[in-house]
Amino acid sequence: SRPHSLLSREILPLQAGRKPGGFAKVLELLAESGDWPFRILPSLAQEPVEVEGQAIPLADLFVPPSMLKKAKNELYEALGVLLDEEGRGDQERILASLAEGTSYPPSPPRPPRAALVFPHPSLPAGLPFATPRALAAGTPLPEWEGYLWLPLAPLVLDFEAYGEAVRKRAGEELARGRKLVVGLDAFHHLDLAESLLGLPGAAEGLSFFGDIHLYVASVPGEAFWMSRLPGILFLYASMEAGKISCPALPRLDVGKGFMPPLFLSKGCYMRHNLFGGACPPGCGKSYTDPVEDRDRKYKVLVEDCITMVFQEEAP
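Residues 43 to 357, numbered by the numbering used here, are exactly what the sequence shown covers, in order.
Calculated directly from the structure, the hints in this document are not laboratory data.
Taking CB as the label site, the calculated pair distances span: (1) 186 with 242: 21 to 29 Å; (2) 331 with 257: 25 to 33 Å; (3) 257 with 315: 23 to 31 Å; (4) 270 with 58: 56 to 64 Å; (5) 94 with 259: 49 to 57 Å; (6) 337 with 210: 39 to 47 Å; (7) 73 with 338: 47 to 55 Å; (8) 257 with 120: 26 to 34 Å; (9) 262 with 58: 41 to 49 Å; (10) 236 with 70: 43 to 51 Å.
Where a beta carbon is used, it is the ideal one built from N, C-alpha and C, also for glycine.
Generate coordinates for the entire structure from the input sequences, incorporating the hints supplied.
Here you go:
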């Protein structure tokens, strides 16, 4: 960080305090930062100041607390603006250096999210993630512009087993010389994604995208993901963040026809709502039930013990 000078137009009247150390005590106000993510910790110079012909130690001066509080608020505001400008410049320099060290395709593919789904008999718009069932069945991965797409499921019952299935499938596709793009939809996907970088063929054929639940709403967030996963191509607009502009990674709208889950839970709808808390006999771990709320229609889907709620029709 560089040194800076801040000049206040507020003139604080100087007068000797009634008690020694009064000004030093009032200065503790400066450490009350409120909502600012930093604190000011003042120190006093040793040289006294002259007040009405007398040399008075700085610690013994008197300044009305109301005036000092006003000056404090203005100081925090000025520092906040300064640090934000400096930080934004630093972050953009970091992003630029990360982007320079990353190899991107000449024309990175940008598919509509509705193209990256798996067929499902109960969902006309398809299942949006690669569930454990889809991987175990060897379901073909969605393909777009010569790339295979593997959007990871944000919630599974046994994540360790799911990770092994993802690594196995990714390794098989890379061994065939295919280009594979893995979708990250939760922060806990990071370790799994980093483990994929060690697969044979990953350097040439593996890249990533940020899916609809991956909340990346700032420049530091982008810098984090770009530093951990070189080759991340773009982000879909997250369900929480909406349209947020970040400088380095393209942020795509999901587009028309995509049916995102409105709700995800490890609590099995079939078990808890229909069978009194017990697993039904001979359960195939797949169940669909239509539900209504006034004039709105939904579909409850239980897949691999995970409950998902979808709209009846895609927008």
